[in-house]
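> Spelled out, the chains give:
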Amino acid sequence: MSTEAQTTESHGSPLTPRDYIKIGLILTVITIVELIASYVELGALLIPILLFLSLVKFVAVVALFMHLKYEARILTQMFVMGAVLATCILIGLLYLFRNDPTDALGGVDPASGGHAARIWIGHYLHI
Amino acid sequence: MSEAVTHAEHHTSTGVDNRMLMMWIFLASECLFFGSLISTYLIYQGESLVGPLPGELLNIPITSASTFVLLMSSVTMVLAVYGAQHKEFLMMKLNLLATIILGTIFLGFQVVEFTEFVHHGLLLSTNQFGSSFYLLTGLHGTHVGIGVIYLISLLIGSSRRNGLGKDAGLNLEIAGLYWHFVDIVWIVIFTIIYLIPS
Amino acid sequence: MATATTSMSQSHQKSGVWDWLTTVDHKKIGVLYGVSGFSFLLLGGIEALLIRTQLAVPNGTVLDAELYNQLFTMHALTMIFMAIMPMGASFFNYFIPLMIGARDVAFPRLNALSYWIFLSGALILTSSFIFGGAPDGGWFAYAPLSSEDYAVGRAMDFYTVGLVVLGLSSLMASLNFAVTIINMRAPGMTMMRLPVFMWMTIVVNFLLILSLPVITVALAQLYFDRNFATNFFSPAQGGDPILWQHLFWVFGHPEVYVLILPSMGIISEVLPVFSRKPLFGYAAIVFAGVAIAVLGFAVWSHHMFTTGLDTVPKIVFSASTMAIGVPTGIKIFNWLGTMYGGQIRFTTAMYFSVSFIALFTIGGISGVMHGSPPIDTQQQDTYFIVAHLHYVLFGGAIMGIFAGIYYWFPKMTGRFLNETLGKINFWLMFFGMNLTFFPMHFLGLSGMPRRVYTYDSGFGWDAWNMVATIGSYILAFGILIFLFNFFKTMRQEPTAGNNPWDGATLEWATSSPPPEHDFDVIPEVRDRDPLWYDRDNNIQQPEPPEENHIHLPPPSYMPLIMGFGVALIGIGALSHLAMTGLGVAVVIYSIWGWVLEPID
Ligand code: HEM
Ligand SMILES: [Cu+2]
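Protein chains in written order, with the working numbering: chain P, 1 to 127; chain S, 1001 to 1198; chain R, 2001 to 2600.
Hints listed in this document are in silico derivations from the structure and should not be mistaken for laboratory results. Note that the structure is a prediction, hence the values are computed from the model and not measured. The beta-carbon is built from N, C-alpha and C at its ideal position, and this holds for glycine as well. Any given hint might turn out to be false.
Between beta-carbon pairs, the in silico distance windows are [claimed, not checked]: (1) A2229/R / P1061/S: 25 to 33 Å; (2) E41/P / G2447/R: 56 to 64 Å; (3) V56/P / L2596/R: 36 to 44 Å; (4) E41/P / E2148/R: 41 to 49 Å; (5) H1086/S / L2596/R: 21 to 29 Å; (6) R1019/S / A2229/R: 35 to 43 Å; (7) M1091/S / S2575/R: 45 to 53 Å; (8) G2308/R / Y39/P: 34 to 42 Å; (9) T2190/R / R1019/S: 21 to 29 Å; (10) V2452/R / Y39/P: 58 to 66 Å; (11) L1090/S / V56/P: 31 to 39 Å; (12) N1162/S / F2228/R: 42 to 50 Å.
Listed below are the simulated EDC-like cross-link pairs for lysine to aspartate or glutamate, each with C-alpha atoms no more than 20 Å apart in a straight line [claimed, not checked]: (13) K2277/R / D2502/R; (14) K2277/R / D2534/R; (15) K69/P / D1017/S; (16) K1087/S / D19/P; (17) K1166/S / E2597/R; (18) K69/P / D19/P; (19) K1087/S / D1167/S; (20) K2488/R / E2419/R; (21) K1093/S / D1167/S.
The following block holds chain P by itself, in its conformation from the complex:
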């Protein structure tokens, strides 16, 4: 956090309206790919593919539309702190609920659903 250097405020990004429209098109294409993917039988690959594609969209918007790529580092540090912590807590919670013996309370039959966390994480981490 000790960015002492007087990083002069970079006014805006070098991107032009044209670039922005191109980025918008690419994002649209990714969305269409996602849509198609969700209809195709991809088996176990589906979820990682979808998560990866939406991560790409997420990062593109943050870096290019929100100009994080061209701004002082401190801003990236602030945002990444929140995004990473939120992701960790999300994964932690899903993991805990997968391992929650009290779950029987709801009388849920894992075959008909059960905790999503159980299915997802159990599947990929083999735990």
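Starting from the known structure of chain P, fit chains S and R with the ligands onto it as the hints suggest.
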């Protein structure tokens, strides 16, 4: 104001504007807000004791359309920011207007979707899906709504005699940050709720 | 347009009611927070005395079960959210700009707004006593005790609404403080030259920024469960009460560090000054503070060892909990190292600081004990936990806050609190506190559960309970002595001068009390202990120019109006939708006024 004033007030220690820094830290906080809501949704996925269940209700093609609308609103937003920063105020205003309209259309889609679901018997209290779905998407919609109002007030402000003043670029940039953030939250929600089969 | 010139600012002491209501001066807002926080400390103290009176003897009859439950719940909520947090915010407000060499916080009006929203939230929550009964499900409001089946009436809604409003206030304040420290430092004040108190402040504020949204979501869910028939926490419909516990403690554990870190920062300022030695191991203590914060997000389930966690999570959370002991231990050794070989001056502030180290260590050790799941299974929900949390919260947080009060009082008022009375105050609190809380370790280990309104004799608990009750009265007497000291001191002449303790940090470079614009000239920082460095190297700060026009933000009543609007929204959530609508209208009006108001 004399000379001896205020040099400390215009430079910041990091070179980043105070409001800009605050917006980014606030967005970090918002990550945790939506993170908790999404966690809840996922934890309760498959926990509904009675229907209707997501598979019976979620309409992926229509939601893809609304996702597209929100995505386009990000493009127009970033163009509005570009306009403000390069003093092309007509471009700024038109794109701001377009963003507002697209945002409103997105909200319209959401209203239609909610009404549809209610018709099929999914109320807030029906089951775990209803509770966690409405809370998550409803609070996201609230954010969009606040964003629309935020942008409308900027549009009104920019049509005053001296527009948004010398801070126009910064003002729009900050509003844009909020708007894009709401968009990326939707990117995540769209994938997690709609695309990934439950 | 408000400008203050150096010459007029001293004589220009505004203090009418209107000035307080519209002030955007961080020092006045700091005082408002401090006075409100201390008032709630007294209220929470009265609640505690009632609890202890009831428990003094077996089968006590002072309170009935219902009132008892309300009192222990409100005692915790009052102390945590309305006493310790605002007193921390009071120091943050007053000293952030002074210690980093700024003229105000980054957003002065937002700062005022935070205070008014805090006050609204605190009043809403406290008013539950007169509107049909206060929340009674414990400060963590576990489901199903918080559900509409078991908590009939409005009490639990006061809890959700009150805490959301208080959280909103904290979030705004934290954003403001974080931006201020990152962005408004005086020239030369690099991050690694920040006073340790400032470091702990920034850590606290990031903890709040990142944990408040989680509890907000949980409170919203609880509110929906109670008012809109959702089933987030009721198992009958597939909900899971454990989710509430998780979300609560994801917030709750960082929150306990929010309570203790300000005090750790305060004593890190006091110890070096009264040992006449720079802080030992500055980098280590800063690093440890940050490490505590990071780890603090990874331990929440240690409050839930007995809920049926699986083995792996138990091991992980136990390990991370014990790992927090390491940075905590580092800090303790740093403080000891600071005193070691120093020329110690035994002032009251120093007494409180040293006692902090001892008492906090006791609490830390019992914490590590129930960081072990099998041990915790024995100790959970017994008085042992109560002993732990009071050693860290009273022995830690409150003792640290008193150290801060005695240390900075001359700066804030120009007057010294009486040292003799101060020491009487200290010893009474110190003995009272140990007498009250140490026996609770024994009570807990011999099985006395917490949160029972009475107990039979014959379990071997009678004597220790009596001791604890006597201790609590001694403690309360100590606080009365403080009040006496305060009022006595305020009638004296200000004689303190700029730097009575020979402090090293920037707040001592300006007058006591500081002028409205804080510094005539923004100081230039050349060292971690700027005042000592300048003194030892004979550096004079530059004289202010003849015509020293300093731009200050004008007062504004918009924050007050907006705070009122938020209060109306909150009240509406407890009564009628129309009230909420009115609140929204007031908020929109005030945003409008806020934006259009000239600020220069
Ligand atoms: C070395 C550091 C610490 C460790 C290892 C630790 C560990 C724990 C554990 C395991 C519990 C749960 C006990 C149970 O309910 O069975 C607990 C409770 C608690 N701790 Fe700590 N703790 C530490 C420091 C602190 C600090 C610094 C504070 C506050 C300033 C604090 C405040 C509390 C409170 C308020 C509770 C009780 C919550 C409740 O059940 O109402 N602890 N601690
Ligand atoms: Cu804890």
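> If a hint holds in the structure, say so; if it does not, say that too.
Do the hints match the structure? See the list:
1. The hinted range of 25 to 33 Å is satisfied by A2229/R and P1061/S, whose Cβ atoms lie roughly 32 Å apart.
2. Look at E41/P against G2447/R: about 60 Å separates their beta carbons, and that is inside 56 to 64 Å.
3. Between V56/P and L2596/R, the C-beta spacing of about 42 Å keeps the proposed range 36 to 44 Å intact.
4. Checked against the given bound of 41 to 49 Å, the beta carbons of E41/P and E2148/R, roughly 46 Å apart, stay inside it.
5. At about 26 Å, the CB distance of H1086/S to L2596/R agrees with the hint of 21 to 29 Å.
6. Checked against the given bound of 35 to 43 Å, the beta carbons of R1019/S and A2229/R, roughly 41 Å apart, stay inside it.
7. Checking the proposed 45 to 53 Å range against M1091/S and S2575/R shows it holds: the Cβ atoms sit about 48 Å from each other.
8. At roughly 40 Å, the beta-carbon separation of G2308/R and Y39/P lies within the given 34 to 42 Å, and the hint holds.
9. At roughly 23 Å, the beta-carbon separation of T2190/R and R1019/S lies within the given 21 to 29 Å, and the hint holds.
10. For V2452/R and Y39/P, the Cβ-Cβ distance of about 59 Å falls inside the hinted range of 58 to 66 Å, so the restraint holds.
11. With their beta carbons about 33 Å apart, L1090/S and V56/P fall inside the hinted range of 31 to 39 Å.
12. For N1162/S and F2228/R, the Cβ-Cβ distance of about 46 Å falls inside the hinted range of 42 to 50 Å, so the restraint holds.
13. With a C-alpha separation of about 11 Å, the suggested pairing of K2277/R with D2502/R holds against the 20 Å cut-off.
14. For the hint pairing K2277/R with D2534/R, the CA-to-CA distance comes to about 15 Å; that is within 20 Å, so the pair holds.
15. A hinted pair counts as satisfied when its Cα atoms are at most 20 Å apart, and K69/P with D1017/S qualifies at roughly 16 Å.
16. Proximity of K1087/S to D19/P is assessed by CA-CA distance (about 19 Å); at most 20 Å being required, the pair is judged to hold.
17. Of the pairs offered as hints, the one joining K1166/S and E2597/R holds, with about 17 Å between alpha carbons and a cut-off of 20 Å not exceeded.
18. As the CA atoms of K69/P and D19/P are separated by approximately 15 Å, the hinted pair is consistent with the 20 Å bound.
19. Between the alpha carbons of K1087/S and D1167/S the distance comes to roughly 11 Å, so the proposed pair stays at or under 20 Å and holds.
20. Between K2488/R and E2419/R, the direct Cα distance comes to roughly 12 Å. Compliance with the 20 Å bound is thereby established for this hinted pair.
21. With a CA separation close to 15 Å, the supplied pair K1093/S and D1167/S stays within the 20 Å bound.
Going down the numbered hints, you'll see the structure goes against none, and every one checks out.
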